[in-house]
Amino acid sequence: MSHPDDSHCTLVRLTVNGRPVEVRVDVRRTLLDLLREDLSLFGTKKGCDLGQCGACTVHIDGERRLSCLQLAALADGREVRTIEGVAGPDGELHPLQQAFIRHDAMQCGFCTPGQIMSALAILAEGGPADEADLRERLSGNLCRCGAYDGIVKAIMDVADAAV
Amino acid sequence: MQPFEIVRPRAFEEAFAALADPGSRAIAGGTGLVDLMKLGVERPRRVVDISRLPLAEFHIDSDGLRIGALVSNSAVAADMAVRRNAPAISEAVLSGASGQIRNAATVGGNLMQATRCPYFRGSAWPCNRKQPGSGCAALGHEEASHAVLGRSAQCIAVHPSDLVVALLALDATVHLRGAGGYRSLSIAGFYRQPGNTPHVLSALGAGELITAVHVPLSSLSRNSTYLKLRHRASFEFAAASVGAALHIADGRIADIAVALGGVGTVPWRRRDLERELIGHRPTEALFRDFGNALLEGATGTDATMFKVPLARGAISRALQDLTHR
Chain A
1 MSHPDDSHCT LVRLTVNGRP VEVRVDVRRT LLDLLREDLS LFGTKKGCDL GQCGACTVHI
61 DGERRLSCLQ LAALADGREV RTIEGVAGPD GELHPLQQAF IRHDAMQCGF CTPGQIMSAL
121 AILAEGGPAD EADLRERLSG NLCRCGAYDG IVKAIMDVAD AAV
Chain B
1 MQPFEIVRPR AFEEAFAALA DPGSRAIAGG TGLVDLMKLG VERPRRVVDI SRLPLAEFHI
61 DSDGLRIGAL VSNSAVAADM AVRRNAPAIS EAVLSGASGQ IRNAATVGGN LMQATRCPYF
121 RGSAWPCNRK QPGSGCAALG HEEASHAVLG RSAQCIAVHP SDLVVALLAL DATVHLRGAG
181 GYRSLSIAGF YRQPGNTPHV LSALGAGELI TAVHVPLSSL SRNSTYLKLR HRASFEFAAA
241 SVGAALHIAD GRIADIAVAL GGVGTVPWRR RDLERELIGH RPTEALFRDF GNALLEGATG
301 TDATMFKVPL ARGAISRALQ DLTHR
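In order, the protein sequence lines correspond to chains A and B.
Here my numbering is used: the first residue of the first sequence is 1, the next is one more, and so on.
Here my numbering is used: the first residue of the second sequence is 1, the next is one more, and so on.
Just chain A, with the same shape it has in the complex (with noise of 0.2 Å):
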């Protein structure tokens, strides 16, 4: 797909961490691959690239949304949030960032971004009640290492700070 027949390219602007981009893609290239490959943002993570683990989640005007099943082309105006975009302009890490480090809430770090990206969702829509609701919430965020205790402490002590 690197050097695909123009017959089915096309062209796809969109939005990404606040800057207007342009990338001319085939129409089979999933938002994932256009944020890797062609904007070298490699914090997404592809894990299973069918929906089933998490690690491509990105904000998607505002929503959590699965990378690898969103269509670029049909991404066409929207705009995308990507973990690259959490850190402040000057680097700062946000304070869920924070609480991650502070909690070890990762092992091989694989998963990371996708948690923090649907966490950040997750606490923008209000709550979570208590571990058993954020845990239910964040289900479709797999950690093949087992981080699960660090990541719900680091979110919950987030969400507690914010009462």
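These aren't lab readings, by the way, just hints derived from the structure by calculation.
Some hints could be false.
As the list claims (entries may be wrong) - Restricting the straight-line Cα-Cα distance to at most 30 Å, the calculated cross-link-like pairs of lysine-lysine (DSS-like) are:
(1) B:Lys130 x B:Lys38
(2) B:Lys130 x A:Lys46
(3) A:Lys46 x B:Lys38
Stated by the list, open to error - What the simulated footprint calls covered on chain B by chain A, stretch by stretch (three residues with Cβ under 8 Å from a Cβ of chain A suffice, anywhere in the stretch; the number is not a length):
(4) 3 to 16
(5) 96 to 107
(6) 228 to 235
For glycine and all other residues, C-beta sits at the position ideal for the given N, C-alpha and C.
Starting from the known structure of chain A, fit chain B onto it as the hints suggest.
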């Protein structure tokens, strides 16, 4: 994935013209179609993005609840009016998929989602649903995504939707529109058991779209629930599920509806059995006998017959919960 043309109509006429080609597929949230395209199960020549059509109405009035086909699953799950008037729908949608998927997935897409049968999803096995007459690799090699009710010699795949089970219990209507005009069907009439035509899943005609579902609201729908049982606590399809509604007056059953998910090739309901319960007291024994009757005819292997006692228990549990609400 095969390359395809993209069409993004803003008007129905344009959409129906684009969908007229049998090699066309409608896409909305993409959580169903993109998955199947990656697996090679779907190879459309043309993908028609229907997300710009005016199909996102969402309102309640004296007539009932009307949910447009493009309303997202999460919007349905979060709506307080749905929670108050038809909790089985809220509970069913919330129990399905993940938060990320529910944000993208639409009501129409939920109704049209494909089975999770691994032989259907795989590329190395005969499948009568994909190639009529080629055989069914699942028969004799069954597991949790296979049905114990509504089976045929050609196909035993479960319809995996939770929402459809709740809609069936609440007597929903599916509204359709095509180049030829409008029509409506009950949910029960919309789905087809595989029989001799396992490639035909629903009454949706070529080039037709689901426009909305309509749910009548009443004291029955207001006392409804969805109970989903599965191997994992979340983010998994049902091994067995129950969408139930119960209206009790003067200590006796005035109205009752029970639909099963995860166990049938289509969502399963027997109105004849429900009618026999009217006027009776809502006892555990009554519910147990009803569950036995509802599951009558279930057939499968050691790998799938566990669903029968599981479903029976779920029916009793759901109806008892509704009795005490």
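Tested hints:
1. With a CA separation close to 15 Å, the supplied pair B:Lys130 and B:Lys38 stays within the 30 Å bound.
2. Among the hinted pairs, B:Lys130 with A:Lys46 is consistent with the structure: their alpha-carbon atoms are about 28 Å apart, no more than 30 Å.
3. Restraint check: the Cα-Cα separation between A:Lys46 and B:Lys38 comes to about 14 Å, which is no more than 30 Å; the hinted pair holds.
4. Counting residues of the stretch 3 to 16 of chain B whose beta-carbon sits less than 8 Å from any beta-carbon of chain A gives 5, enough to reach three: the coverage restraint holds.
5. Note: the stretch 96 to 107 of chain B has 7 residues with beta-carbon separation from chain A under 8 Å; the three-residue rule is met and the coverage holds.
6. Residue count for the stretch 228 to 235 of chain B with a Cβ under 8 Å from a Cβ of chain A: 3. That meets the three needed, and the coverage hint holds.
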